[in-house]
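As a plain string of letters, each chain reads:
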Amino acid sequence: MKAPPFLQGKITFENQVVPGFAAEVAAIPGGEGIFECLQCGTCSGVCSVAPYMDYTPRRLINMVRAGFKDEVLHSRTVWLCTGCYACAVNCPAGIHITDVMYALKRLAIRNGSHPRRFPIPVLVSEFIRNVRRTGRSNEAELVVRVAMKVNPLRLLRAAPTGLKLLRTGRMHIRGAKIEDPRRLDSMLESVSEAGK
Amino acid sequence: MKYTYYPGCSLKGTGRNYGESLTAVYRALDHDLEPLADFNCCGFIAYMSIDQAQALALAARNLSLAEQGGVKDLLTPCTACQVVLNRVDDFRVRYPKLMDQVLGTMREWGLEYRGTVKIKHPLEVLYDDVGIEAIKARGQGKLSGFRVACYYGCLYNRPHGITEERFFPTRMEEMFSALGIEPVDYHLKTKCCGGSLSNTVEAVGLHSIFLLLQGAKRLNVDAIATTCPLCQFNLEAYQDRVSSMFGEDVRVPVMYFSQVLGMEFGLSGEQLGLQRLFVPAKVATA
Ligand code: SF4
Ligand code: SF4
Chain A
2 MKAPPFLQGK
12 ITFENQVVPG
22 FAAEVAAIPG
32 GEGIFECLQC
42 GTCSGVCSVA
52 PYMDYTPRRL
62 INMVRAGFKD
72 EVLHSRTVWL
82 CTGCYACAVN
92 CPAGIHITDV
102 MYALKRLAIR
112 NGSHPRRFPI
122 PVLVSEFIRN
132 VRRTGRSNEA
142 ELVVRVAMKV
152 NPLRLLRAAP
162 TGLKLLRTGR
172 MHIRGAKIED
182 PRRLDSMLES
192 VSEAGK
Chain B
-9 MKYTYYPGCS
1 LKGTGRNYGE
11 SLTAVYRALD
21 HDLEPLADFN
31 CCGFIAYMSI
41 DQAQALALAA
51 RNLSLAEQGG
61 VKDLLTPCTA
71 CQVVLNRVDD
81 FRVRYPKLMD
91 QVLGTMREWG
101 LEYRGTVKIK
111 HPLEVLYDDV
121 GIEAIKARGQ
131 GKLSGFRVAC
141 YYGCLYNRPH
151 GITEERFFPT
161 RMEEMFSALG
171 IEPVDYHLKT
181 KCCGGSLSNT
191 VEAVGLHSIF
201 LLLQGAKRLN
211 VDAIATTCPL
221 CQFNLEAYQD
231 RVSSMFGEDV
241 RVPVMYFSQV
251 LGMEFGLSGE
261 QLGLQRLFVP
271 AKVATA
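Those protein sequences? They're chains A and B, same order as listed. Counting the first sequence from 1 gives a position; the numbering used here is that position plus 1. Going by the numbering used here, 166 is the number at position 176 of the second sequence; the sequence numbering is gapless.
A hint or two may mislead.
Pairs of lysine-lysine, DSSO-like flavour, derived with a Cα cap of 30 angstroms [what the hints assert, rightly or not]:
1. B:62 x B:-8
2. B:2 x B:-8
3. B:132 x A:178
4. B:272 x A:165
5. B:-8 x A:178
6. B:132 x A:165
7. B:132 x B:108
8. A:178 x B:62
9. B:108 x A:197
10. B:108 x B:126
11. A:178 x A:165
12. B:62 x B:132
13. B:-8 x B:126
14. B:126 x B:110
15. B:62 x B:2
16. B:126 x B:207
17. B:2 x A:165
18. B:108 x A:178
19. A:165 x B:62
20. A:197 x B:87
21. B:2 x A:178
Just so you have them, the derived chain A footprint on chain B, three or more residues with Cβ under 8 angstroms [as the list claims (entries may be wrong)]:
22. 1 to 8
23. 259 to 268
Everything labelled a hint here was simulated from the structure, so no lab data went into it. C-beta atoms are modelled at their ideal positions from N, C-alpha and C, and glycine is treated no differently.
Produce the complete structure using the sequences and hints provided.
Shown next, in the form of structure tokens:
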């Protein structure tokens, strides 16, 4: 049953939580520690992007345990996490929180539930296309492609920086390649199959 | 001695002057620095959010190339690359099954990796292996009194590296002090620069950058010295934007630690890639 309109989006009812979610996350490398979380809040305290998150890392971990799958996979938190490891090196329970964040990003993408038009998933997929094609990443191409997809007006704003980079010889229009990118690409494909 | 380094994508692009200055500084101390041949993308943070096995394989291929070339210490100037490459050994211990699958498949493609390569930051190698004494002996007193905020960024010692130094690394300060350069007490030195957020969620990324620059600027520094090309770019490239956005002038030169060392050694601006900086440092160089 859906919540009455005035409560929608504010409260999650018992019948909307997914109890198996915690086990699903715990089964992923990095996730095994979540049941040990003390809810001490150290992770949130040391996280430099916590003030901008919708749920702090401590809260997110408890939400995973409580089965708030939808909220967790739609959250900005997992995408704002920069992977700085401040939380992970300080957690008294030894939880690899950064790995959990990566795991949640993968789940959110697989689930198609990352926030719409949020630039980070776009950046990630463009980045990977780049690497699979050449074996390297080309920063200039990446910035342009992401901007085109997210907000082309950004290109105008980024133009002065781009020009400065060109002038100082710090940008290459044509990206570098490894010797045999096709072979690397095929290998990545088979590694991915094996590592499923 | 000859060292091999892993340039990663940014030392071939925006961080070009990092590679140039490192090579020049190592040369000035009688060590050769050569890039790893045919390296590929390290597998960056972003890759981990799509495909874990592939991300690990990308990192492992580089390690395999290094191992096959007889490299023991792979110098890795980019701290993000450093974390990603280190993750291979970390995961071998924590998730042996996953890593056996990844490395086993790679072996079928002719890429063996037995785990003999150590990832080291070039600053660590200068401090530990070359030694402060040798560095001090090379100093020329050119930067005495030059005030520097030593900024290591988040990943320099996390999650690997020396435990005591995860939040308070001091190698750069010690080295600079020995040379008569003045490191200031920069409390934000391991706070994250926001990484790729400056390019994606600007509101968050640019705010992080502003806080870091403001912290340094208020300490009245001549420059910020960095150990990571992502940090350097973030702190340097957005200075005009954040200054006007937050209504405070936080413009300040942001250099690589190797450029600061090189200036002190009396190397030319050209050798150190100083002409590639957006905000030139005001010092009396040769
Ligand atoms: S620091 Fe660790 S134990 Fe404490 S709240 Fe965060 S995850 Fe839980
Ligand atoms: S790794 Fe992510 S969650 Fe942890 S402190 Fe850094 S930004 Fe915050």
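Cross-check of the supplied hints:
no. : hint          : in the structure
1   : B:62 x B:-8   : holds, 11 angstroms
2   : B:2 x B:-8    : holds, 20 angstroms
3   : B:132 x A:178 : violated, 40 angstroms
4   : B:272 x A:165 : holds, 19 angstroms
5   : B:-8 x A:178  : holds, 25 angstroms
6   : B:132 x A:165 : holds, 29 angstroms
7   : B:132 x B:108 : violated, 34 angstroms
8   : A:178 x B:62  : holds, 25 angstroms
9   : B:108 x A:197 : holds, 28 angstroms
10  : B:108 x B:126 : holds, 26 angstroms
11  : A:178 x A:165 : holds, 24 angstroms
12  : B:62 x B:132  : violated, 35 angstroms
13  : B:-8 x B:126  : holds, 21 angstroms
14  : B:126 x B:110 : holds, 22 angstroms
15  : B:62 x B:2    : holds, 23 angstroms
16  : B:126 x B:207 : holds, 27 angstroms
17  : B:2 x A:165   : holds, 16 angstroms
18  : B:108 x A:178 : holds, 25 angstroms
19  : A:165 x B:62  : violated, 38 angstroms
20  : A:197 x B:87  : holds, 11 angstroms
21  : B:2 x A:178   : holds, 11 angstroms
22  : 1 to 8        : holds (count 6)
23  : 259 to 268    : holds (count 4)
Taken one by one, the earlier hints fail for this structure at numbers 3, 7, 12 and 19, listed in ascending order.
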